[in-house]
Structures are given as structure tokens and as C-alpha cells.
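A.B. asks: Residues per chain, in single letters:
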Amino acid sequence: MQYMLLIYEDERIYGPDRESPVARERRAQHIAYSRELGATRLAGSGLKDSTAATTIRTAAGKQTIHDGPFAESREQLAGYYLIDVPDLDAALAVAKKVPLSQNGAVEVRPLLVAG
Amino acid sequence: MTSAALGLAFRDASGRIVAALASRFRDLDLAEDSFADACARALEAWSREGPPRDAAAWLYQTAYRCAVDTLRRRRTEHRFAPELQRNVIEEQPMPDEWTPIPDERLRLIFVCCHPAVAPDARAALTLRLVCGLSTREIARAFLLSEPTLAQRLIRAKRKIAEAGVSFEVPGPEAWPERLDAVLSTIEIAYGRAHEDAAGSGPHFNYAAEMLDITRVLAELLPHEAQTSAMAAIVRFAEARRPARVDEHGMMIPLAAQDPSAWIESLIIDARRYLDRAVSLQAHEPRVLHARIHAAWCARRSLAEPAPWSEILALYDELLKVRDDSIVRLNRAVALAEVQGVDAGLGEIEALAAQPLDDFLPYHAVRADLLCRAGRRDEARIAYDAALSLVATAAERLWLERQRAALTE
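One line per chain: the protein sequences are X and A, in this order. When we follow my numbering, the leftmost residue of the first sequence carries the number 1, and every step to the right adds one. When we follow my numbering, the leftmost residue of the second sequence carries the number 1, and every step to the right adds one.
Excised from the complex, chain A in its bound form (with noise of 0.2 angstroms):
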């Protein structure tokens, strides 16, 4: 009971606490610890009274009294400049059980997405910190050995700690730069969430996090179109989410997805974002991948053709800003529906390959467009290729039949 109410105020406030603690004292490790500290007491506590009112308000309040605490410590054993560490504690007023916790939690994203930060440890350490997510949860996620990981963390926030990364959130006059840090950071944690199909993985349980960053991230900075784009992608792709396996696990293909298994409420929630992002910049690329999603997720029934001249003209506008690879292969999956195999195929061919050897979509469309052109032999050398990279049971169940009913 206990350890479930604490489990439940865990997961709703850490991201919240921590953040708060952090900006209220720039330090990171001092944050966690404490939140870490506030834990352990209220697991005694709360088992021996019960748990409080609001756990959430105990949890901060707990914190807060440790890593002042902590501070004091260190005060009188004089390891840090006396008169800065009285500032840091005596300039608030304690918080008490009707204290509002602070929303700093965009504070500490655009700490942990700081450019100075190392690019892997970024999405780790928003995170671990931001969402709350176990050191063991994020290795799991990112295929690494826990401790390399907790290195990874420790490394990029001693680099925070010792480079003097500010804890403000930046003027608009450095959004170009520090923005799209913090959202690539967001497309890679969110990555890892959406690879898992089937949702049975250990990243499932933070794409409820990426819907609640976003939303933060949109509300905080309204003004940026690519905020309220990420807000909708996010939500049109997780809108999909139940409709992306069959009964067996097996992936299903977008055009082959049942609309009307589409979680309707988030796609209504999606759109309401993407509507205010295409009015701020409709041709930014991160709008223009939300209006792809939103074309698809516009489809009612498998009955209604599949969107793709919609698809191929969106595509055709976002190659005019952001001309790379994958832009081009996605676009030819599109060309292929609209104007013939052949015409899809030649698009790929002309791609370098190389960057995109390591690429499992790449080898798996080359492989279904091959297959359709009759060339089976290639078909089943792509196939092969595409099974060397799979990273999930669901593409892996996906490719397998597709390769099976090449031999038939």
C-alpha cells in the first residue's frame, strides 16, 4: 500500500521535484539525492502514519529540508565559499505542505539538452531526470549495459556542474540552436518508445513521458511552430499505437493498419496542435512530417483508398527544406504507390547506400519494392540485409513472412 502510493507519487512528481530542486540550487546531483533521500523517509514515514495528504507536496517539502541540509554541511565543513552556499539557503522561505511545487521542468530540459552536453548522454539525462526513469529502465532502452550508462550520466552532469551551463531557459534569440538540441533530444527518446511496436518493451512506459514533455514544451513555448509540431507527431504516432501489431505481435505496415483501432481522442488532440503549428510556419520540416502523419491519420477505414498523392506532395515539400536520405527514401515508398514500382526503386537506387547500409528501413522498402518488380533473387538478398538489423520481435515477425512468401 505503502510502496504503491509512493510508487504512484514517483512517477507522477519526480520529474516535477527534481527539476524544482535543481533550479532551485543548480545542482544537479544535489537534486537527485535529496529527491533520492525524501524517498527513503517517506517509505518509513508513510508506513508508519500513513501516507499524507499530498504525497507529492510531502516528497518536495522532504527534499528540499534534505538538500539544505546537505548544504549546511558542507557550509560548516567549509568545503564551498561560505557566503554564496548562505545565499542559496537563506534567500527563500522553506516550503511547507501548501507550497506549490515549481514547473521548472523546461529549466532542466534545456539543461539536459545543452549542446555543451555530450549528444548521447543527452536523451539519457532528460531522461533519468526529467521523467524519472531508473538508470536500468534508460540502459534497457538504449540497448547499453547499466554501467556504462550510469557513466554516461555521470560524465554529462560533472560537465554541467564544472563548464558553468546556466540553469535559465534561453531568450529566443538562441532557439535556433538550443531548440532543436532539445527537440532532436525528444525525436531520439521518442524514437526508442515507438521502435517497440508492440509496446511490451522496457521503453513503453515512458511514451506517456514524451506525450506529458511535449505538451510542456508546447504550452511553455507557444510561440515556436516546432514545438506544437513535436506535440502532434508525438500524439498521432502514439494515436496509432494499437493498431501497429496483429495477434501474433506481428508488425502491420501504416497502410495496412486498421483506422478505426486508432485512439481517435489523441489523434482530436493531435490535430488541435498541428493546427496552431502550420498557422505559425506551415513549410518548417517538423511541421511538415506532423502534416504527414496528420494525412494518415485523417484515413477513416481501410475502405478509403491510403492517402499517398497527399503523402507524396507533403513529401515533395519537405525535400525542398531538408534534402538527406531518409527524407528521399520516404518519399520514394510514397512515389512508388503513386507512379509504379519501377519509379520508387529508381529513386532508391540513386540514393548512396552507404550511410544508409546500416539503416533497416532502407534494406526492408528496397526489398518490398524489389519483390514487387518481379526481382525476386535481390528481394531476398535486401530481406536478409534488413533481418541482419532488425531490432524488434514485430519487424523481425514482419520481414520473415515477407521473405517466406518470396519462395512460395
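Chain X on its own, in the form it takes in the complex (with noise of 0.2 angstroms):
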């Protein structure tokens, strides 16, 4: 089964241009992760800041652009993995060796159709 594991973190921790030393290491860290992973990661990235997302919402019927994250909270979605595993047990235990900060959250998430 494919899952999407999806990384919400506060982005704050790594500074604005993602050049602190705890982005650096992050990074490192993220490089490391996915040789790991090896053919299990089907794909992933990291996202950048909240700041520059820009959200088209629909109500209604009617489209407007707005400045900002979908959901204005203190942890982002901050990158993700697309993995393809057996089955959740294996996504999460996958999931739970995702490079993060103390604080943070991965949301394991199937696919709505297994590729």
C-alpha cells in the first residue's frame, strides 16, 4: 500500500531562509533518512516556508486567493514522503524514524488508490 507521510512542525525553529545550523543538520539528517529508506520512498520533499504559501479557497462555487497556509496554526506542514509498505504498521514504523524536531507530528495517510 502507498502512504503519504506528511510532517507538521514549527517551521519557526528553522529560521526564515532555512540556513540556521538546526535547518542544516535537519537537512542532513532528512539526506540520510531517504538513502535509507531506499526504494520503499517513492518520493518526498521538504516544503518551504508557510509564509510563502498562498491558498485558493472555494466557497460556494467562488474562488479567491488568499495569502497564507490553509490552517493558520503553530505547527506546518513542513515536507513529505510518499512510501510504499506492506501495510500501516510498516508506514508507521516507517513514520516514527522521520527526522523531526522535539516537538512535531507525522500524519501517516493512505492512498485513496494503491498504485
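In case anyone wonders, no lab produced these hints; they're calculated from the structure. Note that the structure is a prediction, hence the values are computed from the model and not measured. Idealized CB from N, CA, C, for every residue including glycine. Relax, there's no trap hidden among the hints.
Calculated pairs, DSSO-like style, for lysine-lysine (alpha carbon to alpha carbon, straight line, at most 27 angstroms):
id, chain 1, residue 1, chain 2, residue 2
1, A, K159, X, K97
2, X, K96, A, K159
3, X, K48, X, K97
Examples of chain A residues toward chain X, derived with CB under 8 angstroms:
id, residue
4, A116
5, E162
6, A163
7, G164
8, V165
9, S166
10, P170
Using C-beta positions, here's what the derived DEER-type ranges look like:
id, chain 1, residue 1, chain 2, residue 2, range
11, X, F70, A, D33, 37 to 45 angstroms
12, A, S388, X, K62, 46 to 54 angstroms
13, X, E75, A, A208, 45 to 53 angstroms
14, X, G46, A, D120, 32 to 40 angstroms
15, X, A105, A, A174, 15 to 23 angstroms
16, A, A174, X, A39, 20 to 28 angstroms
17, X, E25, A, S325, 34 to 42 angstroms
18, X, R12, A, I154, 35 to 43 angstroms
19, X, S73, A, I326, 32 to 40 angstroms
20, X, E25, A, A255, 57 to 65 angstroms
21, A, R372, X, E75, 47 to 55 angstroms
22, X, K48, A, E168, 35 to 43 angstroms
23, X, E75, A, A298, 51 to 59 angstroms
24, X, A39, A, R158, 29 to 37 angstroms
Join the two chains into one complex using the hints; note that each chain is given alone, in its own frame.
C.D. replies: Laid out in C-alpha cells, this is it:
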């Protein structure tokens, strides 16, 4: 089955340009982690700061464009992995090892259509 | 006659059959629906031909065929990937009336109690699928409306199917997390059965199932101290059931129960599980809980003094590995008996009342100690708080009598 791992973190700890020592260290961890995943990892990337996000909202069929992420919260979507594993337990085992700061969350979501 | 035969076969075998079908076809709804179909066919066939030699085997065989028919029908409707379906259906021979029903209940318990399933649905799902209780029985046990409970079950089953929860018993490396979810679920489910001291309520009929499930868990995971401890706890607690209420249906506190009314065979059974648990891990919290039960069940008669010192020592041990308000509350009860009411009361007053405000035993214990300390007005208020939370008739009768004695 294919699962999306959605990484939520307080992006402020990485600094706006993602060049802080913490951000560099995390990036190195993700590169190592991706290598470790090998063929299990189908895709994945970090995302730029949520201040770079633009959201198109549709209400009653009418679209409006907004500056900022979908939801304003302390933890923002900071990156994702797309993985292919046999079942949820395997997906959870992979998700538990996602490099993360002290606080944060990884949401594990199965894809609607298993590729 | 036929529905009686069906009823018996159902109670005996439903968990095993549903578990076997679920782990064979990896589909909870299909397993449940097929078993229901088989029961409907049984009612018809058995009234015509009489019950079969082995009712459970008949039900399993028939349910299995129903499941395969459903899958074939789905396949021809092209609703699912044909390759997958063919493998599932044809890689194993159809069971006949001599095929033993594989015991996959442990697998099913791990599925129902997966941490990815909402905690408030785990116990209900386990009782439904593994113990074969009806939605109505479970709804009554959990004080929920039937539609609410049914919704909860549907949501949990959908989550299991869609999230890809595996039908495997996890390896030992995953047990700290997975086993705890299973044992906590059993504690919640058994707690419901145990609360009902008089054994007249809807929970009573599954106390027997809890004996069964804990036995299966302890047999299948014999090297885990916690599974044996859990089996011991349920048996010690059930052993005391006949002594828990008086002839008026009023609760009798543990220390006032007549040990000669306890069920000796269950106590012997419980001790065997406890011995194994202690030899594996004597200071694990659940093992310590089981040892506390054992200390009580070692009492031979009311003439013998209650084992309060031993109980206090065990709670001291427990506090070292699990320091929470409920352990502290129970320890305070023992402390009051060993070192005096003021010592116990001091402990209780030191507890933050906030999280215990909705916990009946907190108010009941506090009321009792306040009363014994001569602080009658405060005791009365505490009894009122306890009475406002009371869940069973046996407890209500007891608390009302205690409160009435206060005003005399």
C-alpha cells in the first residue's frame, strides 16, 4: 500500500531562509533517512516556509486567493514522504523514524488508489 | 430446540469463526456478514434436518462458503482487482465439516485494539467481534444509545480497512505499545463487567468471555508477564463475585466479604497464572496489581485479620513503578488501616482533587475516612458527591446506608 507521511513542525525553529544550523542539520538527517528508505520511498521533499504559501479557497463555487497556509497554527505542514509498504504497521514504523524536532507530528495517510 | 442449539453454538464459536474468517479474508465486514448469513441458514436448515453433529464446524463451513460467494460476486462485478480476489479465494481448499476452525482470536484482538483505532471503539469492537456480543448488549454495557455505538463500530471497521491495519500478531519488538493497547482494552471491558457487583446487569454475561480472552492471551503470549497477570486479575476478581453483595443487593466492601463464599477453583487457577507472572517480572505494575488481589484472596475467613500491612507494602511497591492518583488513593485506604485514619486522610487531601472529581471511589473513600475521623459534616458532603456519581444499585444502597448512619 502507498502512504503519504505528512510532517508537521513549528517551522520557526529553522529560520526564514532555512539556513540556520538546525535547518542544515535536519536537512542532512533527511538525506540520510531517504537513503536508508531506498525503494520504499517513492517521493518526498521539504516545503518552503508557510509564509510562502498561497491558498485558493472555494466557497459556494466562488474562488478567492489568499496569502498564507490553509490553516494558521503553530505547527505547519513542513514536508512529506510518499512510501510504499505492505501495511499500516510498516508505514508507522517508517513514520516513527522521520527526522523531527523535539515537537511535531507525522500524519500517516493511505492513498485512495494503491498504485 | 433449534434456536437453543444455535444459541449455544453461537456463544461457543462466534468469536472463533469470525476471527478465522477475518484473518483468512482480511475483511471484518465480510467476516461478520458471512457469519450472520450462516446463522440465518442454520436456523432454516436445522429446523428441517435437525442440528448437525458439530454445529460450530457447520457454521464455519457455511460462513466460509458465503464469504467466497460474496467475493466471487464482487469479482464478476469487477468492483475489485480480479487478480487479488482470485488469490484470496483459490489458494486454499474449502473447509469441510471435519476441518478444525483455526484459532485466530489473538490476531483479531490485536486488530481491534490497534493503536490506530479510536480508544473508545476498541473495547466495543473486541466485544462485538471476538466475544460475539450484540450491538444492543454492548450499548447497554457502555451506557450508550445503540445507534451511537453502531456508528462507532462502523467508523472503527472502516478505519481498519482503509488505513491498512495488518492482520498479523505483531512481533515482540512492538509489544510494549501494542500489547498495552490490548490489555488496557481488556481492562476497560472487564471493568464494565466487574462494576456490576450484583451480576444482574447487561455486563455480567461477558465476564465469562473475559476469562476466556485472558486465558487465550496468556496461552499465546506465555513469556509476557502482563498477559499472565491479566488472566490472574480477572480470575481473582471473578472468584469474589458471590460475596460482593448481600441478600438485599447491597455492595459489601472487600474487607467485609466472607472469604468462604469466594470461588476456590478460580483462585487456584488465578494463583497459577500469578506464579508465572511473578517468575517473569515481579515488579511490573499489572503483576503488582495481581499480587494485591492475591493477598486478599489468601484470606481464609472473616475471623482472620484483613491483610492490610501486606496490601500497603504492595501499594508502596506499585507507587515506585506507577505513580498516579488512583494508586495513591488505594494506598491511602491501606495506610488508614495500618497507620490510622489521619495518615490516610492526609494522603487523600494531598491528592489534587481535580482529576478525581468524577471518580466515585475518591469521594467514597474520603467520606468514609472523614466519618471515622469524626468530621461528620464534611463526610456528608463527600457522600453526596459520591452518590451523585453512582452507577450501580449495589453501590447506591451501600453509600446510602453509610450516609444514613452518619445522621443517627
